[in-house]
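Protein chains in written order, with full-length UniProt numbering: chain A, 1 to 746; chain V, 1 to 746.
Hints listed in this document are in silico derivations from the structure and should not be mistaken for laboratory results.
The list cannot tell twin chains apart, which means a pair is met if one copy fits it or any two copies do.
DSS-like, lysine-lysine: derived pairs with alpha carbons at most 27 angstroms apart:
1. 512 / 459
2. 365 / 249
3. 688 / 723
4. 66 / 235
5. 232 / 365
Number of protein chains: 2
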Amino acid sequence: MFLNKRITIKTACIFYMLFFSISIFAQQPADFVNPFIGTSNYGATFPGPIAPRGMASISPFNVAGKQNKLEKDSQWLSNPYVNENTFLTGFSQVNISGVGCPELGVLILMPTTGAVETNHLKYGSAYRNEVAKAAYYSVDIDKYNVKAEFTASKRVGVSKFTFPKGQSNILLNLGLGLTNEEGAMVKVVSSTEIEGMRSVGSFCYNSPEDAYPVYFVAKFSKPADKFGVWKKPSKYEGTEAQWMTYNGKTRMMDNTIKTVVGDSIGTYFTYKFNKQETVEVKIGISYVSIENARENLEKETGNKSFEAVYKDTYNEWNEELSKILVEGGSGDDKTIFYTALYHTLIHPNTLNDYNGEYPVIKRTKIAKTEDTRYTTFSLWDTYRNMHPLTSLVYPKQQSDMIKSMLEMYDENGWLPKWELNSTETFTMVGDPASIVIVDACLKGIQDFDIYKAYYAMLKGADQIENNPLRPGLKEYIEKGYLSTNYRGPVSTTQEYNTSDYAISLLAKALGKKDDYNRFTKRSLSYRKLYDSDLKLLRPRTANGKWYEPFDPVSGANFEENVGFIEGNAWQYAFMVPHDIKGLIKLMGGEKEFSDQLQKVFDIKQFDMANEPDIANPYLFNYVKGDEWKAQEMVKKLVKEYFQNKPKGLPGNDDTGTMSAWLVYSMMGIYPISPGDPIYTITTPMFDKITIKLDPKYYKKENIVIEKEINTDGKINSIELNGKTLNSFFISHEDFVNGKTLKVIQN
Amino acid sequence: MFLNKRITIKTACIFYMLFFSISIFAQQPADFVNPFIGTSNYGATFPGPIAPRGMASISPFNVAGKQNKLEKDSQWLSNPYVNENTFLTGFSQVNISGVGCPELGVLILMPTTGAVETNHLKYGSAYRNEVAKAAYYSVDIDKYNVKAEFTASKRVGVSKFTFPKGQSNILLNLGLGLTNEEGAMVKVVSSTEIEGMRSVGSFCYNSPEDAYPVYFVAKFSKPADKFGVWKKPSKYEGTEAQWMTYNGKTRMMDNTIKTVVGDSIGTYFTYKFNKQETVEVKIGISYVSIENARENLEKETGNKSFEAVYKDTYNEWNEELSKILVEGGSGDDKTIFYTALYHTLIHPNTLNDYNGEYPVIKRTKIAKTEDTRYTTFSLWDTYRNMHPLTSLVYPKQQSDMIKSMLEMYDENGWLPKWELNSTETFTMVGDPASIVIVDACLKGIQDFDIYKAYYAMLKGADQIENNPLRPGLKEYIEKGYLSTNYRGPVSTTQEYNTSDYAISLLAKALGKKDDYNRFTKRSLSYRKLYDSDLKLLRPRTANGKWYEPFDPVSGANFEENVGFIEGNAWQYAFMVPHDIKGLIKLMGGEKEFSDQLQKVFDIKQFDMANEPDIANPYLFNYVKGDEWKAQEMVKKLVKEYFQNKPKGLPGNDDTGTMSAWLVYSMMGIYPISPGDPIYTITTPMFDKITIKLDPKYYKKENIVIEKEINTDGKINSIELNGKTLNSFFISHEDFVNGKTLKVIQN
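Only chain A is shown next, with the shape it has when bound in the complex (with noise of 0.2 angstroms):
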């Protein structure tokens, strides 16, 4: 009985662990990410591991063959991972999350087994019992009986691959990716190591002579039986080719240590075994050089198991994630919480390697940073509210954004626009690193070189000729709009204002009164496209009349139109957010605002999956007694689009964007207005949320939003550490520096 006592509490214990330790030991905020929202409906988000800001990640390659519902090259596909797909062809070791063109993607890892196939859509496969968690993503290999699992540090992917008895390969194409870009360049060190470079660059169709090699190096823990790389080489066509047989023809090159390049080449890592073994792969990654991937590996994973790395990215994410602590809500809050949370922790990105190098914009030479360097600004997003968000609860991390920022003002003449791995692409319109900078500066980030920033915002958005940032400026500047000469010219002078305006407002801190009241007027110079037949913002040519013929709904679901970018008059109508008040003037006074902004919901031209009028719901706030309908809206649109599903996010999560969005929203408080330092407040989705604040920016260690009443009905009242506030709108000065924010239903 004893002994049948023993067992029963060890059979307990193991059942314990097996099944109980998620449940038991999930209340961490990291446990309730779920890597796999945003995998579908284009959120462009993949499931695979990464750390905070990392440079490394991996993920499920499954967009290339036919077999897939969404193939990489039958369309513009811009992730590698699709959660509706079904034939995988390997794992990339670095990726972008949430982005609208391919790009990196590369780097294929992939485990097959029995003799070496080197073509992707022959050795891919389905797959199963995917497992995704931060920091940890695994995947049962169908074709090959392998069961695949991944973690990552900042600059290094762990994979570790557990296959049957008998031949195993471990491939690492270099051909297959999901940029644009080609070329690779590879040599096998030795039996357990790999070196090489792959290119990438052109993103968004942009700058392809700023196209940028990723290098790495590859380390296997247990050394190949055999190893080899394979080339395909592009066909000759030269008169010679009649004694080429060979033309074309894939090579397979057995055990050699020789450079090879090409477009098309990889290498196989073969094992002969006679039991089920395991062999992780360890491939740091660097921008600068394959000397840096190698001590980016060393440094980072030397001697670790993938359990030890695992645990401690794990670590990293819950560390990170605790900042915003929520109680109540359920577990489905909870996760689509932490993951939007998670989702804007990961661009932008670190660029430099462990010895602080990285290549400067233009990559005429290698710097070096004590802090972090700062890669994949996706600005025309997350001006919006990313990056205030990151001034909120990470400010070390925004100060050392605007740094990198600062860093490339000083490298390219200009702040960046669109940057991505020490590239400019120039991708989409306006000219948001001033928005940025203001905003956390005028938020208290203010330790880096403020009148250099300042001066770096004159520039762009003065200096007439040759301006990457402002084309049309010449005209802007003296008709206050752009006309239909330019692209997308309504969205591009509203984007204008709003930087003007936001330079105003630190030209204003800084006691330049003259630039403070230029900027203050352009800001507001919007207000000449203002079509007041129609109250919508409205393109005009080159000779100042209106545009003709003009559809108000014309360029809805991307759409290419005259006026605007990515949207239409409709999505664009309220994008003024430093002048609402000036925009309810326009329109005829508070209801005629109210009204038009409500239908904009009601005919369906609100695009939750875009930025441009993303501030919508909460803009029923500047109308008193309307303040409910923002309530109501936001509760709606975070019902409707953000769910813990793989389509959880209303599309391309833009950089972390879309998820800024959903946490702010679901902590009932929103930047209005970017630049300006002031958030406007709807209902809460927790009962309780902590703020943890950086002691080095700010003097509070947290604040505390409540909920007092949970029921569906209308904000009654909201109180600042007791004291009852007299509008929907608090600054960031107060929001900071008090205690407890309540929010108080009915």
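Please build the complex by placing chain V on the supplied structure of chain A, with the hints as guidance.
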């Protein structure tokens, strides 16, 4: 008057220096070298500088572009330079001399002026004032008014460009090349340095999987005002091509230090000169790594000026060429002689880096040597006379070559057949390595592992299955010949016979009586292919019947034919050098033999341009009384085919084989039966020839060949140290231990 006198003296001095320096000082052997010899008539030599057995070499590259009479892509063309061509597209930094397949001819440097143009068909130019000497080449480039000068050390090419005032550019084109391989990698390290690699290989369309990198580092004497990399990417064909406005267009990447890979890439270094200026470019080469290329450059040419490098390499050449001193003869005689000797000192060439490292066959690892690792073993050609010449005059080099061959055996399991830069290309037929080794060994070069060499030979001669050296070996052993099931069965049988004879000689020397008997017997099996009706060798089918229809003339001029490789029945009729006495018997006696031999010439089937029959003229020496025919024929052939002109070689130099034939022929001796340490004698073409002997291998300091009466008459008698020889043959031992070989004419 005094003053005037002084001026006169001074003027005279300048005059003397300018115009007489060449003739006054040009008494050195190196001064007689005319590198233009062989640059026309498919000689396939190049006129640019190379050090003795150098790894690096520079050749003007004028075989691209339709302006050229002979264009590399419009026909089979195996050389980077053709004397008749007129359109120059640069200067290649690694080249092969005198081979029959296009290879290397890459890393093409080109000076231009004005705006940077990267298309060689556009930046190419006419040129004039070519000067070529040992270790030096210069040319004026019409289009740019640039003087280009070149020299080289063993592993480094040195270029010196004199630019006019204005914008000047130095392009390094890594796309253009003579090789059929593609793919390169490049990284500009700084405004004075470039590093990278270029893929080359699949020589003669063999072993494509062994295509390999040539690594390089280029250093510029002046920092560029601007530099960059260009890349012409392949054209993208997918759906996304519609968004790629830059699709397939050349990208100019200014001032970047990133690594760029591609099939069509290059670098530009640009200068703005206020006056005429010179820039020197040193390009170090390595087949191991970029680091080694850099070390080669630093150690060989680090601080040396162009002039210093030239002087050192010139001196090296002079020292090597001075191993044979000739007296008498015309200037042209000396020129064709020393140029031929120069051509025998190009290949085999050095493979190892300055630090001794080199890639092993198949590039599975890097090995290290204390001596020299040689490469470029065109053995089917060179076993006949080039290696025998090297054994006589440069025995240390020959010893290192044998050691290199034995290393290849260790690395690859087989002695080399046609090895190029650690790639076994398996070009041509036969098993010639054995002959080379035995020949050297029996001449007294024995400082290598003779037993290992012996067993390596036996492996090639005896392993029936999977024998890459001797296809058809089973049939050969069983029947004594290859049937028409195999390629060139008669030729191949003859080659195997010759190799077997060499092995039998070594077996005898080693006291291996059984092997001696076995291989002696095998060496005579060609006799089964003797058709006594035709008095020619003739192919047999697998069932032993003569192959029908049979045209003995078919196969001339490299025409494909059944039976023979690169020749026909007439050209191969006498290629049994080890059994001429047997052949005489087969043919029915000396007269019949002599008549048939004479017929080869009379019916114009003798081919001076290829190897199978090049010993033919000397075979008259086997017929008592007909030796004068050998003397006349050799003299006639030298006069007809070897001249101080670009077309002064009878065809491909075959890595020095044609040149070695000339060197021997002009010295009046010929290694008539390779493997057998014996020479046959004709009339020397100089009054006195002094061959310095290497004291490490030979007892005497030198051996002198003298011609006593310089008429055009027949040889009357031959004396060794005053003692009359009773034949036209002399053993190597007698020769090198003699003091004077005097050939006395009528």
